[in-house]
Amino acid sequence: MRRTLFRRWTCLILGGALLMPYMMIGVLVSAVWQGEQANLLLPVQVGVFAAVLPVVAVTGLFLPVRGLEISAAQGLLGARVEAPPRQPERRSWQERRRTAAWFTLHLAVGGVVSGFTLAIVPFTVYTLVLPFTGRTAEVLGFTVTPGWAAALWALAGLALLATLVATAAGAGALLARLAPVLLGPTPSERLAAAEEHARTLAERNRLARELHDSVGHALSVVTLQAAAAGRVLDRDPATARTALAAIEESARAALDELDHVLGLLRHGAETERRSPAGTLADLGELVAASGVQVRQEVGDLSGVPAAVSREAYRILQEALTNAIKHGRGPVRLSAAVHGDDLRLEVTNPGGGNDARSGGRGVAGMRERVRLLRGDLEAGPAGAGWTVTVRLPLRSAS
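Going by the working numbering, the sequence shown opens with residue 27, and the numbers climb by one from there.
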């Protein structure tokens, strides 16, 4: 309790110290205005004090004092001030007004408490000494004689000191209560921070989907080719070498993609892509790296918008991954433009395990399709599994 009081009292004294230049300038201006000699020892001048407060408020509107005041409120007042988001290039007037209100309140209350401290503490010490001097003294125009009179003045000094302590404690508590309100984030800053957080989450979810699609696809290929290489290693070394080459290529691609995504997560979503995202133009490479027999029926995709092309590539990548995991035999892949829609279909006959048990793959495809306002159907078809997708080429808005 005493430590908190001392720190808060220090914060109030800091406010009085910051007010001192304003008061000195106010005394100089007052003296020039009245044609008198300026007394820079700053006697009690209530008029000057009241006159400089609007000047303090104006400077609080423009001076970058918010960071300093937040540090003082947290370190000295013990207030829990929520850190404001990163400051934009231009401060909002809402934030300026709140900062100016706090700055004015801090300096005004701090100036009053500092003035009382400078006056009452020496007065109390002086009155406490009176009973032990044994001499008559003048106190505030009153003659104080040794004995009971001196003792009463000592008690009065202690009462004033107790009043000062109570005033400092109350003023510190008041500032600690108001600091989070006036120095914390404004509603517009909270909204901007929430929007930024939403953008960050959306970007991280996108990166997570890409990592799942690309690395999951590569690992499925590696698993399939490793199993195939193990079966034919002794009787068909050439086929085993081909499978091992496919494993090497898929693993290298997965490592590159992993390094790319981790770099984005490390340096922020604003980091420029170091490698271009896959599109439908890279469909041949995707099929070749899959390591399975794929019958392709691909039409003219040159008119597909870039955003749709990137998402369609990831959808086909995940569909091929499911085909590798859950099917047997050759996979049929078709991609063509029909009117204003891009139609995609991946079918694997002789289905093994239900693709719905394949983790987040189908859910990731649905999310991509939903963001593009398309349709997706994924489920058993005969003895296999089929993924059918419709993506509009133009916005519906």
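Treat the hints with caution; some may be incorrect.
Simulated restraints, written as ranges between beta carbons of each label pair [said to hold, decoys possible]: (1) 265 to 224: 48 to 58 angstroms; (2) 224 to 245: 29 to 39 angstroms; (3) 104 to 224: 31 to 41 angstroms; (4) 109 to 245: 14 to 24 angstroms.
Just so you know, these hints were derived from the structure itself, not from any lab. Glycine is no exception: its CB is placed at the ideal position from the N, C-alpha and C atoms.
Do the hints match the structure? See the list:
1. A hinted range of 48 to 58 angstroms holds for the C-beta pair residue 265 and residue 224, which are about 50 angstroms apart.
2. Taken as a hint, the range 29 to 39 angstroms holds for the pair residue 224 and residue 245, whose Cβ atoms sit roughly 31 angstroms apart.
3. The hint said 31 to 41 angstroms for the Cβ distance between residue 104 and residue 224, and at roughly 33 angstroms that hint holds.
4. For residue 109 and residue 245, the hinted distance range of 14 to 24 angstroms is not satisfied, since their beta carbons lie about 41 angstroms from each other.
When held up to the earlier numbered hints, the structure conflicts with hint 4 and nothing else.
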